[in-house]
Amino acid sequence: MPARCFHANPQVASYDYGVPRIYTPRRGTGHLPTIPAWPTLSPFGNPAMPPHSMTMTTSTPFGQANLTLFGPSREDGAPLWMPGTFPPIPYGIAVPIQLNPLLIVNPNDPNCPPLQWDVSRQPDTAVQFTGRELYMKPDLDQEAVAQDVHRIVIHSGAPSLASWMQRWGPIEVTSAGKITAYDVLKAVYQYLQIPLTPREYKKAIKLDPENARRFHEAAYWRIATSSQIASVEQAQGLKRVDVLGDYKYFRGFRPVWHEGLWVVIMELGARGVPNYPMVY
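In the UniProt record's numbering, the protein residues as written are 1 to 280.
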């Protein structure tokens, strides 16, 4: 990838963004979506190498405490709010963060979360995947957690993004009132839409020259499949989300004890949503 001049932020290479030919695989095929022919470029499935290694460690405290489930009861006919930890923590350990069932990691199939969302796109593009293998519009106005919480700190469970977040800092969601599922997704989206700085770009390609190619291929795919005007998106340059490559699909949140605090870990994956009918 030829080097380009650095302006306010690294620019996306200029290409003809035609209508992409997208293949959406059915569940379990193991194939990834393809992009329009771009002869000089290689597949970009791998995320960009981070500027430094990840040293984040987590641990779970042990103590005598009762595990309490918060939220709607079974009599309400609504889903029971569960801690959402995955893997599950031992019984007897209190988990103060009770996540909305819509936002948790699916313990039966981590690659098929209840909420299907490409984090490079607006939160309102997310869809809910039902047990009948149908899509439906999710109610993102629901509270994200059962407790009276006004601040949520989000880290990444994906090693590539976690390393970058050591430089950028965690995602924080704050609200004077209740924090909704939409508030959480919006915070993630806005965090990843921040432009890459020239310094971050230079450091990444110094670590691995192939990162330049990975960045631009990811940006090309993002722009070519966006509902926004391609020239406008291209003018905004490279963004944080471009470091993810194809590992940009939401896999759910899980609470983890980290450095003396309960934080929320966001899991990401490389496979897109299954191709099933949409139910309104």
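Treat the hints as calculated values from the structure; they're not laboratory data. Quick caveat, the model's predicted, so the values are computed rather than measured. Don't take every hint at face value.
Said to hold, decoys possible - Below 16 Å or equal to it, Euclidean Cα-Cα: the simulated EDC-like pairs (lysine to aspartate or glutamate) are:
| # | residue 1 | residue 2 |
| --- | --- | --- |
| 1 | Lys178 | Asp148 |
| 2 | Lys186 | Glu172 |
| 3 | Lys178 | Asp118 |
| 4 | Lys186 | Asp148 |
| 5 | Lys178 | Asp141 |
| 6 | Lys137 | Asp109 |
| 7 | Lys186 | Glu143 |
| 8 | Lys137 | Asp148 |
| 9 | Lys186 | Asp118 |
| 10 | Lys186 | Asp124 |
| 11 | Lys186 | Asp139 |
| 12 | Lys178 | Glu210 |
To be verified - If you anchor each label on the Cβ, the simulated ranges turn out as follows:
| # | residue 1 | residue 2 | range |
| --- | --- | --- | --- |
| 13 | Thr125 | Trp262 | 26 to 32 Å |
| 14 | Ala146 | Lys202 | 31 to 37 Å |
| 15 | Glu210 | Asp124 | 19 to 25 Å |
| 16 | Met136 | Asp109 | 29 to 35 Å |
| 17 | Lys203 | Leu134 | 41 to 47 Å |
| 18 | Glu133 | Val232 | 25 to 31 Å |
Don't be surprised by glycine CBs; every beta carbon is placed ideally from N, CA and C.
Against the structure, the hints:
{"no.": "1", "hint": "Lys178 / Asp148", "in the structure": "holds, 7 Å"}
{"no.": "2", "hint": "Lys186 / Glu172", "in the structure": "holds, 11 Å"}
{"no.": "3", "hint": "Lys178 / Asp118", "in the structure": "violated, 24 Å"}
{"no.": "4", "hint": "Lys186 / Asp148", "in the structure": "violated, 20 Å"}
{"no.": "5", "hint": "Lys178 / Asp141", "in the structure": "holds, 10 Å"}
{"no.": "6", "hint": "Lys137 / Asp109", "in the structure": "violated, 21 Å"}
{"no.": "7", "hint": "Lys186 / Glu143", "in the structure": "holds, 14 Å"}
{"no.": "8", "hint": "Lys137 / Asp148", "in the structure": "violated, 26 Å"}
{"no.": "9", "hint": "Lys186 / Asp118", "in the structure": "holds, 12 Å"}
{"no.": "10", "hint": "Lys186 / Asp124", "in the structure": "holds, 9 Å"}
{"no.": "11", "hint": "Lys186 / Asp139", "in the structure": "holds, 14 Å"}
{"no.": "12", "hint": "Lys178 / Glu210", "in the structure": "violated, 43 Å"}
{"no.": "13", "hint": "Thr125 / Trp262: 26 to 32 Å", "in the structure": "holds, 29 Å"}
{"no.": "14", "hint": "Ala146 / Lys202: 31 to 37 Å", "in the structure": "violated, 45 Å"}
{"no.": "15", "hint": "Glu210 / Asp124: 19 to 25 Å", "in the structure": "violated, 34 Å"}
{"no.": "16", "hint": "Met136 / Asp109: 29 to 35 Å", "in the structure": "violated, 18 Å"}
{"no.": "17", "hint": "Lys203 / Leu134: 41 to 47 Å", "in the structure": "holds, 45 Å"}
{"no.": "18", "hint": "Glu133 / Val232: 25 to 31 Å", "in the structure": "violated, 36 Å"}
Against the hints set out earlier in the document, violations occur for numbers 3, 4, 6, 8, 12, 14, 15, 16, 18.
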